[in-house]
Amino acid sequence: MTRAWAFLSRRRAGSNWDWTDIVTFVWLGAGLFIVFGPALWLVLSSLKSPAQLSEFPPTLMPYEARSVIVAGYENPLPLYKVTDDAGTRTLAEVRRVGTVAQMVDPADPGTIQKINIANRTPERDIGFSWSNYTDPFLKFDFLNYTKNSVFVTTMATLITLLTNSMAAFALSKYEFRGRGFVIVLIVATLMIPLSVILVPLYSIISGVGLINSLWGVILPTVATPTGVFLLRQYMLTIPYELLEAARMDHASEWQIYWRIVLPLTAPALAVLAIFSVVWRWNDFLWPLIVLSRQEVYTLQVGLNAYAGELNVQWHYLLAMTVMTMVPVVLVFIFLQRFITAGIAGSGLK
Amino acid sequence: MGRIALHNIRKAYGAVEVLKGIDLSINEGELVVFVGPSGCGKSTLLRMISGLDRPTGGTIEIDGQDVTRRSAADRGLAMVFQSYALYPHMTVWQNMAFGLQNTRMPKAEIAERIADAARLLEIEPLLDRRPGQLSGGQRQRVAIGRAIVRRPTAFLLDEPLSNLDAELRVSMRAELTALHSRLGATMIHVTHDQVEAMTMADRIVVLRAGRVEQVDTPLNLYNVPNNLFVAGFIGAPGMNLWPATPETKGSFLLEGGTKLELPHLDLAGPVTFGLRPQHLRLDENGPLTAKVTLVEALGAESVVHAELEGGVRLLAVLPGQPDLALRSQIRFAFDPAALHVFDAQGQRVKTG
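These protein sequences, in sequence, are chains B and F.
Counting from 1, position 260 in the first sequence corresponds to residue 260 in this note's numbering; the numbering is continuous, with no gaps.
Counting from 1, position 105 in the second sequence corresponds to residue 454 in this note's numbering; the numbering is continuous, with no gaps.
Any given hint could be a false lead.
What the hints assert, rightly or not - Chain F residues, not near chain B, derived (Cβ > 12 Å throughout): (1) PRO474; (2) SER520; (3) ALA593; (4) GLU610; (5) ALA649.
Said to hold, decoys possible - Anything over 10 Å on all C-beta distances counts as not near chain F; from chain B, calculated: (6) LEU8; (7) SER9; (8) PRO122; (9) ASP141; (10) VAL187; (11) HIS250.
To be verified - Taking CB as the label site, the calculated pair distances span: (12) B/THR20 - F/ALA585: 50 to 60 Å; (13) B/ASN16 - F/VAL544: 53 to 63 Å; (14) F/ASN569 - B/THR163: 55 to 65 Å; (15) B/GLY37 - F/ASN451: 48 to 58 Å; (16) B/GLY180 - F/GLY370: 31 to 41 Å; (17) B/MET325 - F/GLU524: 32 to 42 Å; (18) F/THR700 - B/LEU236: 49 to 59 Å; (19) F/GLN482 - B/GLN294: 48 to 58 Å; (20) F/GLN414 - B/PHE181: 53 to 63 Å; (21) B/THR163 - F/SER484: 33 to 43 Å.
Keep in mind the hints are simulated off the structure, nothing from the lab.
Note that this is a predicted model, so its numbers are computed, not measured.
All residues carry an ideal CB built from backbone N, CA and C; glycine is no exception.
Whenever a hint applies, use it, and build me the whole structure from the sequences.
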């Protein structure tokens with residue numbers, strides 16, 4: 001803890017404050033707020049009840065009303081702090097009629113007091129509506145959506161890594177006529193957005209009968225020009241002599257790819273894996289078009305179901321948005337170290 | 350086993366011809382060094398022999414068999430690369446085992462061969478490390494070890510010492526030579542360093558611009574260079590080369606105006622005289638008068654830079670530490686038998 005604090009409070013000139021220190025702290029603080037603020041706001045809001053979400057002004061923390069069991073009443077009664085001519089005290093509400101609430105003192109359940117609602121504020125504790133999280137899984141099909149999403153993301157990422165690295169290997173390590181043209185062609189497809197090819201792509205997928213199949217979501221997305229380009233540029237840095245040494249060592253071209261080039265491309269593969277996981281996990285438009293049956297919905301398409309035409313179930317939407325963020329965050333946490341290690345390692349000969 | 354014969358090897362990259370017809374035969378167990386300035390085609394020639402590149406013309410024979418069209422792996426050769434080309438993600442052991450595993454050799458034999466090679470090269474403690482954790486000299490040994498375990502018919506070494514520091518290079522040079530005599534295998538070593546070539550080789554192949562200039566033992570190259578290029582390339586410091594024209598019989602005028610009386614020579618047309626710096630000695634009555642421009646005293650010997658008449662440069666290596674003042678005029682003499690003579694085409698002229 002002290003070390004962390006020493007790290008965070010480091011200053012340029014030892015113990016004195018330089019103007020650059022102040023600028024740095026303000027800049028980084030603002031950056032932290034801008035980047036982390038919305039995520040924190042999302043997480044806190046996802047734990048609020050629907051009533052609290054619609055409250056204005058909004059509160060930062062999720063609260064729930066404090067209630068008490070009063071003798072003579074079946075249900076727990078919500079507590080309010082009342083301030084009027086008779087002083088400040090805590091009362092429980094029995095019922096409310098117009099602007100007047102009938103309230104009792106929990107210590108004296110017999111006497112009903114009539115209080116103007118302008119004179120009272122609810123007594124609240126910090127409390128979390130975990131049901132926002134549990135309901136979608138228990139009452140709705142979210143477990144199934146999650147399974148579908150995991151399947152799509154995993155398969156698509158694995159196939160992406162395999163096919164893209166094979167293409168990159170050929171385009172970086174073999175000399176053949178038209179190589180430059182092929183590379184330009186692949187990179188040029190970056191200029192065509194999905195929305196342009198949506199209709200032809202749909203007819204292909206429907207033609208091969210993959211509508212309402214998860215493979216229909218996976219297959220069209222696995223060949224990414226970004227991935228091929230990224231891996232190719234990285235593979236170009238692998239010295240050609242290594243391949244020749246392997247060739248002298250009786251390695252077949254497949255072995256060279258599988259046992260020499262692929263392990264050495266690991267840092268770039270990690271980067272592409274992160275991209276691919278994020279892309280596939282967050283993919284919305286294409287799955288929405290291909291999948292029309294509830295059983296094959298992915299998370300993102302399933303989330304859409306909460307945003308109805310007439311009302312939006314914000315509490316579920318927020319909670320499930322947090323859930324969809326979790327895997328992406330985990331991927332970053334675990335692969336980030338790998339990336340830095342990879343970049344540091346590639347400096348070695 | 351390990352005879353290699355090259356017949357009229359040619360290689361062109363597009364319109365650029367890098368090798369212009371090379372004939373060479375390498376005997377079994379010989380350590381042959383390819384030497385030449387950069388761009389002379391020595392590495393290209395080695396790659397032709399290894400099979401990593403195909404020649405555009407000519408044939409390569411190993412042990413009497415034509416292997417020109419055979420792949421690199423099937424030629425039974427092992428190569429040590431300039432950058433060592435160790436697989437960075439494998440341990441030293443895995444690096445050495447990779448080639449053997451690919452030939453489906455039994456595990457026990459792989460382990461035995463690696464143990465043997467590791468003992469020979471004294472890299473046993475390093476077997477579990479990765480190349481990134483090794484020093485330059487250790488990587489060098491591992492690269493050689495990877496070649497040894499293959500038990501190849503011949504070793505091909507592509508400038509293996511050029512990435513080492515000067516001190517290590519000298520000791521690795523000696524080790525490589527010792528290794529060669531122990532293994533008794535054919536080795537082809539490529540270098541641009543003529544000292545390396547002189548100290549290691551059984552025979553040296555001097556290459557220039559895609560052609561073989563001369564093939565001979567180191568001392569023969571030094572003593573009887575076939576042409577001007579070899580004369581200038583072999584030996585350190587380089588041979589003095591002075592263009593000259595005959596005046597009368599036995600009398601020559603060097604470029605710059607110095608006159609030389611060489612009664613035993615009867616030559617017509619312009620020639621170039623070559624004289625090793627070591628063959629010059631101080632002599633008050635000597636025929637060469639020169640002005641000292643620089644003295645490099647190395648202790649045991651001194652390298653004297655001087656200028657003959659007309660600013661023609663002269664290099665002399667004198668024993669000991671002679672007391673020579675800068676810009677003073679001194680006279681040199683030499684044994685006429687030590688003089689090399691080359692004709693206008695740069696070819697050696699036989700004298701006496």
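Original post:
For B/ASP141, which was marked as not at the interface, is the minimum beta-carbon distance to chain F over 10 Å?
Top reply: Nearest chain F Cβ is 44 Å from B/ASP141, so the label holds.
Original post:
Lying within 31 to 41 Å: is that true of the beta-carbon distance B/GLY180 to F/GLY370?
Top reply: Cβ of B/GLY180 to Cβ of F/GLY370: about 33 Å, so the range 31 to 41 Å holds.
Original post:
Quick one: are F/GLN482 and B/GLN294 within 48 to 58 Å, going by C-beta?
Top reply: holds, 55 Å
**OP:** Could you let me know if the closest chain F CB is still more than 10 Å away from the CB of B/HIS250?
**Re:** At roughly 4 Å from the nearest Cβ of chain F, B/HIS250 sits no farther out than 10 Å, so the non-interface label is violated.
**OP:** Classify the label on B/LEU8 as holds or violated, using whether its beta-carbon is more than 10 Å from each beta-carbon of chain F.
**Re:** The claim holds: B/LEU8 sits with its nearest Cβ about 33 Å from chain F, beyond 10 Å.
Subject >> Minimum Cβ-Cβ distance from F/PRO474 to chain B exceeds 12 Å >> reply: holds, 21 Å
Subject >> F/ALA593 non-interfacial with respect to chain B [C-beta, more than 12 Å] >> reply: At about 47 Å from chain B, F/ALA593 clears the 12 Å cut-off, so the statement holds.
Subject >> Distance rule for B/SER9, whose beta carbon must clear each one in chain F by more than 10 Å >> reply: holds, 36 Å
Subject >> Satisfaction of the hinted span 32 to 42 Å by the C-beta atoms belonging to B/MET325 and F/GLU524 >> reply: violated, 60 Å
Subject >> Non-interface claim for F/SER520 versus chain B (Cβ beyond 12 Å) >> reply: About 21 Å separates F/SER520 from the closest Cβ of chain B, which puts it past 12 Å; holds.
Subject >> Outcome for the supplied range 33 to 43 Å, where the beta carbon pair is B/THR163 and F/SER484 >> reply: Cβ of B/THR163 to Cβ of F/SER484: about 40 Å, so the range 33 to 43 Å holds.
Original post:
So does F/ASN569 sit 55 to 65 Å from B/THR163, Cβ to Cβ?
Top reply: Distance hint for F/ASN569, B/THR163 holds at roughly 60 Å.
Checked against the numbered hints given earlier, the structure breaks hints 11, 17, 20 and satisfies all the rest.
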